[in-house]
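Visitor: Note that the protein sequences, when read in sequence, are chains A and B.
Counting in this note's numbering, the first sequence runs from 282 upward without gaps.
Counting in this note's numbering, the second sequence runs from 3 upward without gaps.
Hints are computed from structural coordinates only; laboratory data are not their basis.
For every residue, glycine included, the Cβ atom is placed at its ideal position computed from N, Cα and C.
Be aware that one or more of the hints could be misleading.
[As the list claims (entries may be wrong)] Here's a subset of chain A near chain B, in silico, CB distances under 7 Å, partners left out:
| hint | residue |
| --- | --- |
| 1 | I305 |
| 2 | A310 |
| 3 | Y316 |
| 4 | C318 |
| 5 | K322 |
| 6 | G333 |
| 7 | W337 |
| 8 | G341 |
| 9 | R342 |
| 10 | G343 |
| 11 | W357 |
| 12 | W365 |
[Said to hold, decoys possible] The list that follows gives simulated cross-link-like pairs (lysine-lysine, DSSO-like), each with its CA atoms no further than 30 Å apart:
| hint | chain 1 | residue 1 | chain 2 | residue 2 |
| --- | --- | --- | --- | --- |
| 13 | A | K315 | B | K483 |
| 14 | A | K313 | A | K331 |
| 15 | A | K315 | B | K299 |
| 16 | A | K313 | B | K472 |
| 17 | A | K348 | B | K299 |
| 18 | B | K300 | A | K313 |
| 19 | B | K395 | B | K463 |
| 20 | B | K472 | B | K395 |
| 21 | A | K315 | B | K395 |
| 22 | B | K472 | A | K315 |
| 23 | B | K103 | B | K299 |
| 24 | B | K175 | A | K319 |
| 25 | B | K118 | A | K313 |
| 26 | B | K55 | B | K9 |
| 27 | B | K433 | A | K322 |
| 28 | A | K315 | B | K103 |
| 29 | B | K332 | A | K319 |
| 30 | B | K55 | A | K313 |
| 31 | B | K472 | B | K483 |
Each chain, letter by letter, is given below.
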Amino acid sequence: MAEYDTFILTDLNEFTQDQAQDMIIRDLASTKAKYCCKVVKARASSDPDKYGDRLWPRLGRGQWVGKPWSIEIIEWINPIPEEWR
Amino acid sequence: MPYKYYKDNREFIKALDEAGDLVTVEQEVDWDMEMGAIVRRVCEIKGPSPYFKNIKDYEGFEAFGAPLATYRKLAISLGLPPDTPIPEICAAYLERTESGKSYPPVIVDRADAPCKEVVITGDDVNLFDLPAPMVHGGDGGRYLSTWHMIVGKDPDTQDINWGMYRQMVFDEKTMVGPVLPFSDMGKMFHYKHVPRNEPMPFATVIGMDPLAGIAACAPASIPEDEFCGMLMGEGVEMVKCETSDLYVPAHAEIIIEGDILPGIELEEAPFGEYTGYRTSPREPRTVYRVRCITYRKKPIMPLSNMGVPTDEGQLLRSFSLGLEMEKLLKSQGIPITGVYMWPESTHHLVVIGTAHVYTGIAQQIANLIFGSKLGPWFHMAVVVDEETDIYNKDEVIHAISTRCHPIDGIHLYENHLGTPLNPFASPEERKKSKGSKVLFDCLFPRHWKESDKPIMVSFNKVYPEDVKEKVLSNWTNYGFKD
Chain A
282 MAEYDTFILT DLNEFTQDQA QDMIIRDLAS TKAKYCCKVV KARASSDPDK
332 YGDRLWPRLG RGQWVGKPWS IEIIEWINPI PEEWR
Chain B
3 MPYKYYKDNR EFIKALDEAG DLVTVEQEVD WDMEMGAIVR RVCEIKGPSP
53 YFKNIKDYEG FEAFGAPLAT YRKLAISLGL PPDTPIPEIC AAYLERTESG
103 KSYPPVIVDR ADAPCKEVVI TGDDVNLFDL PAPMVHGGDG GRYLSTWHMI
153 VGKDPDTQDI NWGMYRQMVF DEKTMVGPVL PFSDMGKMFH YKHVPRNEPM
203 PFATVIGMDP LAGIAACAPA SIPEDEFCGM LMGEGVEMVK CETSDLYVPA
253 HAEIIIEGDI LPGIELEEAP FGEYTGYRTS PREPRTVYRV RCITYRKKPI
303 MPLSNMGVPT DEGQLLRSFS LGLEMEKLLK SQGIPITGVY MWPESTHHLV
353 VIGTAHVYTG IAQQIANLIF GSKLGPWFHM AVVVDEETDI YNKDEVIHAI
403 STRCHPIDGI HLYENHLGTP LNPFASPEER KKSKGSKVLF DCLFPRHWKE
453 SDKPIMVSFN KVYPEDVKEK VLSNWTNYGF KD
């Protein structure tokens, strides 16, 4: 199971659960690249068992919410326009 | 004749060690918060700089924390004795930067530039090969650039800018960070490159010599590379970048080259900021695309840890903001006796001593400094008379508490520029970089009759000279320590 976190600005209720949407997540795998950000299209749920990977939500100033969610990554997105990669 | 200075980070580390202001940490430390926590504690106890020899996952790299977070280290960086009093450190800065002498950079060959010992370009570039620390718990990412400078060039005037703009590692080849529109680099990027849809070349210099760091922090009115030469008393040695026509200090530890991209923003922050809070939230910010990394063999990465006082951002920014204000006020003929910005105020509060030669002088001072390019970075001005020691907290607090009339002495300035990092500002004000400012006028009104003015009661003021001399000469005889 992969593990990620994401930042939701002020209120977890702002996030529409179970709907495919673009979001930025951080990879929490214990490697040299820990905290690498990824832009993805994904679905997420506050039910920790609904999708295959773990997602830890944080509020916009880094506040730790403390309860795990789950996430399904549908697509990895390169955010940099092709001409500037 | 150059002043005594240290050409690179390594000479400076040696000088700190000799002065007893360095601790060499041989034990392995984790880049994931442990290194940051050590540096944070060092800042809070004003301790010696830690020199980390062994970083988890990053064999061959070293790190150096809290490089300039005390006045002792600042004095050493300027080639002065470590215990030099603050006013003398200020005098040295003013003497060097007001001398009128110009020292343009000295360009060196690539072969003579240690920062080119290792060169990585193209697909091999990976920011995660550098030991970027997770500085604080709760940060939005790993901040590679905490004690560094970004080199940029105005596309029209060709003016060079060195500035400290924080950079978070986003992915292997991308960094993100705020570039505020009223900053020097912000003016180049947002008002020139963005409308033309042209990427702006940048070079991030990590682990430059300490005087280049001071120059990058200073709100100087001349290009910082020349300003750095003034502090050194000779031109700083520079070398051309691999991927652009920018020049960087040849003796720096790590150089990251690339382009700042127009028309795209990615999430950055939160971050433990110089105010001592995580104030600005995770938001879309400016994107740096990395093309090349060069570094010295066994590079030493500096780590500044912003938070509650005192870190080098607070100390150096306060130091140079205050002294640049002093230059500005003197240039306008204001009879000031000194300017000192308290680092403990996170460069938000400045104290100005002045002769009270005409009514309204405090407001004139406030209007000049709030309205200058220095204005967005602070919001409290305290104006005291020439007899108050601006470096003495007790005297300044006494002046504010006893001479500043709660109505007539406090002047509010609304709808000014502020920064999104001000903790006291409302979320709406932060979004708009809107700020308010306040002047504490601690001068007794000139129109008061001499007979109506309160008399200060202190050892120096209320005893005859012969009594004072007798007391001082007998001090140890009374049983007191000298």
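Visitor: Going straight from one Cα to the other, do K315 (chain A) and K103 (chain B) come out at no more than 30 Å?
Guide: violated (48 Å)
Visitor: Need the status of pair K348 (chain A), K299 (chain B): alpha-carbon distance at most 30 Å?
Guide: Violated, at about 44 Å.
Visitor: Should the hint that I305 (chain A) touches chain B count as held when the rule is a Cβ pair under 7 Å?
Guide: Because about 5 Å separates I305 (chain A) from the closest Cβ in chain B, which is inside the 7 Å limit, the hint holds.
Visitor: Hey, K395 (chain B) versus K463 (chain B), does the alpha-carbon distance stay inside 30 Å?
Guide: holds (19 Å)
Visitor: Please check whether G343 (chain A) passes as an interface residue: C-beta within 7 Å of a C-beta belonging to chain B.
Guide: OK, holds: G343 (chain A) within 7 Å of chain B, min 3 Å.
Visitor: Identify whether the interface hint at G333 (chain A) stands, where standing means a beta carbon of chain B within less than 7 Å of its own.
Guide: Check failed: Cβ of G333 (chain A) comes no nearer than 23 Å to chain B, outside 7 Å.
Visitor: Given the proposed pairing of K55 (chain B) with K9 (chain B), does the C-alpha separation stay at or below 30 Å?
Guide: holds (21 Å)
Visitor: Would the hint linking K118 (chain B) and K313 (chain A) be met if the CA-CA limit is 30 Å?
Guide: holds (24 Å)
Visitor: Under the criterion that the straight-line Cα-Cα distance not exceed 30 Å, is the pair K315 (chain A), K395 (chain B) satisfied?
Guide: Cα-Cα ~44 Å, so violated.
Visitor: Have a go at the G341 (chain A) hint: is there a Cβ in chain B nearer than 7 Å to its own Cβ?
Guide: Where the cut-off is 7 Å and the nearest Cβ of chain B is about 3 Å from G341 (chain A), the hint holds.
Visitor: Mind checking the alpha carbons of K315 (chain A) and K299 (chain B) for me, to see if they're no more than 30 Å apart?
Guide: Holds, because 24 Å separates the two Cα atoms, which is no more than 30 Å.
Visitor: Per the CB criterion, is Y316 (chain A) less than 7 Å away from chain B?
Guide: holds (5 Å)
In terms of the numbered hints stated before, the structure departs from hints 2, 5, 6, 7, 11, 13, 16, 17, 21, 22, 23, 28 and 29, listed from lowest to highest.
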